[in-house]
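Respectively, the protein sequence lines represent chains D and F. Quick note: the first sequence, position 301, residue 301 per this note's numbering, numbers continuous. Quick note: the second sequence, position 12, residue 1012 per this note's numbering, numbers continuous.
Some hints could be false.
As the list claims (entries may be wrong) - Here are the computed lysine to any residue pairs in the SDA-like style, where the Cα-Cα straight-line distance is at most 20 Å:
hint	chain 1	residue 1	chain 2	residue 2
1	D	62	D	323
2	D	84	F	1110
3	F	1193	D	250
4	D	84	F	1241
5	F	1143	D	302
6	D	252	F	1205
7	F	1143	D	27
8	D	84	F	1208
9	F	1143	D	217
10	F	1143	D	83
11	F	1110	D	212
12	D	84	F	1204
13	F	1143	D	215
14	D	252	F	1210
15	F	1143	D	62
16	F	1110	D	216
17	D	84	F	1244
18	D	84	F	1195
19	F	1143	D	166
20	F	1110	D	217
21	D	84	F	1245
22	D	84	F	1143
23	F	1143	D	212
24	F	1143	D	161
25	F	1193	D	83
26	D	252	F	1203
27	D	252	F	1206
What the hints assert, rightly or not - Calculated Cβ distances over 10 Å to all of chain D for the following chain F residues:
hint	residue
28	1007
29	1119
30	1198
31	1209
Derived by calculation from the structure, the hints in this document are not laboratory data. Ideal Cβ placement from N, Cα and C applies to all residues, glycine included.
Listed here are the chains, written in short residue letters.
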Amino acid sequence: MHRRDILKTGITLGLGTIAGSCASAPKWKPSAYRKPTISRVAILKAASYEENLTEIIQQGIKLCGLVVRDKRVLLKPNLVEYEKDTVINTNPAVVGGVIEAFLRLGAREVRVAEGPGHRRDTDGLLLASGLLPYLEDTRTSFVDLNLDDMRRVALQSSFMGIEALFFPEAVLSADLLVSMPKLKTHHWAGMTLSMKNLFGLVPGVKYGWPKNFLHWHGIDQSIVDINSTVRAHFVIVDGIIGMEGNGPIQGKPKPSGVLVFGDDPVAVDATCTRIAGLNPEKIKYLKIAGEFLGNLAESGVQQIGEGISKVESPFEVIEAFRSLKT
Amino acid sequence: MRESLLRFLLSSQNTDGSWGYVQGTRAAMEPTAYAAIALRGEKAGQTPSAKALEFIRSRQASDGGWPVNLADTESSAWVTALGGMALLESDGKTAASVAAERFVLRSFGKMPKPWILRVAEWMQSLDSSYVDQNYGGWSWNPKTARWVEPTSYALLFLKKLNDSGSEVLSLEAKNSSGIILEAESFLYQRRCKEGGWNYGNSEGLGEALRPFPLTTALVLIALQNQSARPEVQAGLRYLESAAMEEKSALAIAIACLCLDTYGLEKEWLFPVLVTLSERTQLLRNVKTVALAIMALQTREGRNPFRLGPRENTRSEFLTSPGLKYASA
């Protein structure tokens, strides 16, 4: 064999090894792995927003064993935009109930924060959506995450193909970040729950209204990278009235009568997807997240409160997601 | 009310002359630009405004642009348009505003598309009857889609520059008229069925999406020199009607500035602005307060968004909800 051939073979083998290792290398840093052995998810019934939600929420938090005392809590509801007679947002009564519950459980501070995805007039959004009176009654401050001081943070996984994203200081400095989504279908992602809700953390002042930067890097990929980098320590899902069909804005109200709680966002989102009569294994971002961020399989979830079969309420989906029903 | 807004603005200024969006936060270009413009119209605001303008000048990047804030290093076209407008308002056309103009013009572009679609478009363009509908505009973030709000800021800045009366035009500025025309076409294309604009999508999965008063007002400010166009008249009708239901002090302030640029009645909006500003004090931010002050200054004939002399552009078919509101 000539020297040139040896060199050629060497280069080929070397490149092959690099390519092989790239293909098999996980797309997340070891520090991003946080899949617990078992995840507790509590499903509690709540027939309407007129119920004593604070009591139910307090019970849900306790059932999951969350330690709240002396913690600085940041609540992140879903507040995308407002339209009369629709159910786009986490209901303000649920946000009010959660504020009250955390204060009763000894939180040092509770703040509400959101970076609305479509509108810059957050003042009008809070007033029109009915959230403002709840904030005023409890003297709770609101942080517009689109405008907060921001810091560049290295991503803990690399599905978007970028190294870092900016995140608001309010999020990075909170002891407990609580993701509070609405139980909704999503016309691009299948379902939007606690993980997709973290799109609202990304500052609009940098990434725009809508946060199109994330769409260009792939919605599923962005959901995973954001969640691997910033952790929602607890999840409370407003499933009292969800949204089915062409969500997250133009879908139809779907009463489901539940609040769902847990400290593993993957497990909570998977449970909610099952409540909606859909298969979480077929939702791309949940499938990826189930490899390292939390428990996707039912065997990894300890269901407390109500069983899924007792509250299951099949959601309509758009044609593109028909396969989620099987 | 104006005094209380002014006090808030003056007390929120950072020591370096800048403002953050919220009192106590770090420098951001957008609120600093708006505060600098608003305070120039107030006797007590001259020194703080000068300090803010000095901050803006000192932070201009070598590419002519400004990033959104000090945590970021990448210049952004929409922020550059606002920074440029603040300097233009204060200094007239200078090397700094021309550099900003160059950056804004360089940032203009069409929606990025995969190469295969670009090839298909090129093949279609060989047909003489082909009309290119992929109009260029400006994005929030480089290499992403074009949207209504950043396009409106950039368009207004370019028009203000052309309107500044300077004989000294950069090479880029001489070529800007084509870009301005295309950006206007982009805005018309993104209009919602109801007559106004939202962030830039008129429909989603075949269903019509609603316009918003805030973005409608911004677009109309950018299109103010085209008041005879039916799309503009329809947009004004939508804005006047939607403003009566509006809950945002920010949106009302911009709506007020918008109606003023068209010489339309806007007095009826002031009580709404006062009520909403007081109602949403908990959320008070610098940008909203600066724009509310600018809205109130229109009573004295000052409107930094206005191009050229003011004229009444109300069409005969425009109703007058403002007058009805005021007399109710």
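Structure-based check of all given hints:
1. D/62 - D/323: violated, 36 Å
2. D/84 - F/1110: Distance of about 35 Å is beyond 20 Å: violated.
3. F/1193 - D/250: Answer holds: residue 1193 of chain F to residue 250 of chain D is near 16 Å, not above 20 Å.
4. D/84 - F/1241: Cα-Cα ~16 Å, so holds.
5. F/1143 - D/302: The hint is violated at about 44 Å.
6. D/252 - F/1205: holds, 14 Å
7. F/1143 - D/27: Roughly 24 Å between the alpha carbons, so the hint for residue 1143 of chain F and residue 27 of chain D is violated.
8. D/84 - F/1208: holds, 15 Å
9. F/1143 - D/217: holds, 11 Å
10. F/1143 - D/83: violated, 31 Å
11. F/1110 - D/212: holds, 15 Å
12. D/84 - F/1204: The given pair, whose Cα atoms are some 18 Å apart, holds under the 20 Å limit.
13. F/1143 - D/215: holds, 12 Å
14. D/252 - F/1210: Satisfied, since the Cα-Cα distance of roughly 16 Å is no more than 20 Å.
15. F/1143 - D/62: Violated, because 46 Å separates the two Cα atoms, which is more than 20 Å.
16. F/1110 - D/216: holds, 15 Å
17. D/84 - F/1244: Satisfied, since the Cα-Cα distance of roughly 15 Å is no more than 20 Å.
18. D/84 - F/1195: With Cα atoms ~19 Å apart, residue 84 of chain D and residue 1195 of chain F stay inside 20 Å; holds.
19. F/1143 - D/166: holds, 17 Å
20. F/1110 - D/217: Between residue 1110 of chain F and residue 217 of chain D the Cα gap is close to 18 Å, so the pair holds against 20 Å.
21. D/84 - F/1245: holds, 11 Å
22. D/84 - F/1143: violated, 34 Å
23. F/1143 - D/212: OK: residue 1143 of chain F and residue 212 of chain D at ~10 Å, within 20 Å.
24. F/1143 - D/161: holds, 14 Å
25. F/1193 - D/83: holds, 16 Å
26. D/252 - F/1203: holds, 17 Å
27. D/252 - F/1206: holds, 16 Å
28. 1007: Fine: 19 Å to the nearest Cβ keeps residue 1007 of chain F off the interface.
29. 1119: Holds, since 20 Å exceeds 10 Å.
30. 1198: violated, 7 Å
31. 1209: violated, 8 Å
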